[in-house]
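Enquirer: Using the hints, position chain B against chain A.
Protein chains: 2
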Amino acid sequence: MTFTQKLKEIQTRQGSLLCIGLDVDPEKIPVHLKSLENPVLEFNRQIIEATKDLVCAYKPNLAFYEAMGTEGFQTLKETLKMIPSSVITIGDGKRGDIGNTAKQYARSLFHDFGFDSVTVNPYMGFDSVEPFIENPQNGVFLLALTSNSGSKDFQRLKVNGKPLYEKVVRSAKKWNKYDNLGLVVGATHPRELKLIRKIVPDMPLLIPGIGKQGGDLKSVVRYGCDKNGQLAVINISRSVIYASQEKDFADAARKEAEKIVKEIKLYNK
Amino acid sequence: MTFTQKLKEIQTRQGSLLCIGLDVDPEKIPVHLKSLENPVLEFNRQIIEATKDLVCAYKPNLAFYEAMGTEGFQTLKETLKMIPSSVITIGDGKRGDIGNTAKQYARSLFHDFGFDSVTVNPYMGFDSVEPFIENPQNGVFLLALTSNSGSKDFQRLKVNGKPLYEKVVRSAKKWNKYDNLGLVVGATHPRELKLIRKIVPDMPLLIPGIGKQGGDLKSVVRYGCDKNGQLAVINISRSVIYASQEKDFADAARKEAEKIVKEIKLYNK
Chain A
1 MTFTQKLKEI QTRQGSLLCI GLDVDPEKIP VHLKSLENPV LEFNRQIIEA TKDLVCAYKP
61 NLAFYEAMGT EGFQTLKETL KMIPSSVITI GDGKRGDIGN TAKQYARSLF HDFGFDSVTV
121 NPYMGFDSVE PFIENPQNGV FLLALTSNSG SKDFQRLKVN GKPLYEKVVR SAKKWNKYDN
181 LGLVVGATHP RELKLIRKIV PDMPLLIPGI GKQGGDLKSV VRYGCDKNGQ LAVINISRSV
241 IYASQEKDFA DAARKEAEKI VKEIKLYNK
Chain B
1 MTFTQKLKEI QTRQGSLLCI GLDVDPEKIP VHLKSLENPV LEFNRQIIEA TKDLVCAYKP
61 NLAFYEAMGT EGFQTLKETL KMIPSSVITI GDGKRGDIGN TAKQYARSLF HDFGFDSVTV
121 NPYMGFDSVE PFIENPQNGV FLLALTSNSG SKDFQRLKVN GKPLYEKVVR SAKKWNKYDN
181 LGLVVGATHP RELKLIRKIV PDMPLLIPGI GKQGGDLKSV VRYGCDKNGQ LAVINISRSV
241 IYASQEKDFA DAARKEAEKI VKEIKLYNK
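Protein chains in written order, with my numbering: chain A, 1 to 269; chain B, 1 to 269.
With the rest of the complex left out, here is chain A (with noise of 0.2 Å):
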């Protein structure tokens, strides 16, 4: 089975195109977690135990996990593993070498972490990408429109008349033959997310922003999914894990994640 396939039957078994992006800052975890050995590991089993039957995928972005010290990648692979198979994990560090260097990335994240899927710069061309997609069951994620302000520098730019992040969208679906290849599309970019959506009708969307960010869940729904309502992968993360800093944060957790997939059924009919 294909990435692309896998992803669509645990959106369909989980009934959740939500995604919880587990960026965890070890300076706003609750106070009463804090006299743990391993505070970080237990908020993220809280979270993940509090939440996995509502989500289709978590993503946790690699920079917290470096950031956290030479420990912090232990937590991280001890993370992986309290996630349950019926879910996607996302490794979202955002790499991009030359393909020798790229196969030292593709098998720390794919063969010891064991992610799932990641995401990758597409910045350094095809042989940066390659080794990430040679596994039909490895999903790569390519960012294309990023969510952030300074996507307008250079991905928004315009070669021969269309932007850059087009450019990008189209190399993806010509790279795309083991059907594992998706894009990052921030949800800040409603119009150019209906746009790429028309381009790619059968790939994974990506889409981080919603939130704190400032990107509206009902557009994202909307014009992120495919014609059966799938495909889009909704990245929440500091609204949903910060729910509550108190001791009740997981319940919180829960039920902010309840009121999103609520929100994206509703809007996605």
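None of these hints come from the bench; they were simulated from the model.
Same chains, same names: a pair is fine if it fits in one copy or spans any two.
Computed cross-link-like contacts, PhoX-like style, restricted to lysine-lysine with a CA-CA straight-line distance of at most 20 Å: (1) K162 / K152; (2) K103 / K212; (3) K152 / K173.
Expert: Here is chain B on its own, set in the frame of chain A:
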């Protein structure tokens, strides 16, 4: 002192533009080291001991250490401790993420690892670069035109009649308020290297792609240096660190490095 000032001073004092890439693949190190507790660390120690008076910088590529599992980053940290402060360290991770996340990477690389400088991917624009350059002592090499074949896929596309990499170069020049920003330009593009050096006469250029990748040392020296024959950081990895895969590997690495330094001096007149 800014990063660029420090780099100039070190290049003068060391009399060298050579950077050795510590991209260590555990499978490629000499057999006699493999029974040690940490073969890669011993390999790095001997390479550094044998070459530290011949270089201006060492550049470990993070991918190779990530691929070693959770101990890899510990090995990298210990390697950094063995590098004398008389040379620059470059953390080659090509990171790039939204501002909030880039801050985490910057903290990890500059604070926890203690790198003097890092490589950053420009695709996500200014707010993804800003957290790396806010301290003038910390250096950043922004990817402009990379040495690999994929550099043609997006970097060479024409944006208003000029290639995208040139737009990146001109943006970097504008962003370089603290005299700590440089660019990565592959040795495999000598003509473009000459053009880029004209646009940014005073910025450091990190130049990989000599050796296995086919770049020509003579044109790199001629076109990559500033008017004082400095600010080019010429990276060579595999042909130095694997000059021999026998017991004499450190001696062989030193001989290869000496040969390159001599050649650079010959061309740099």
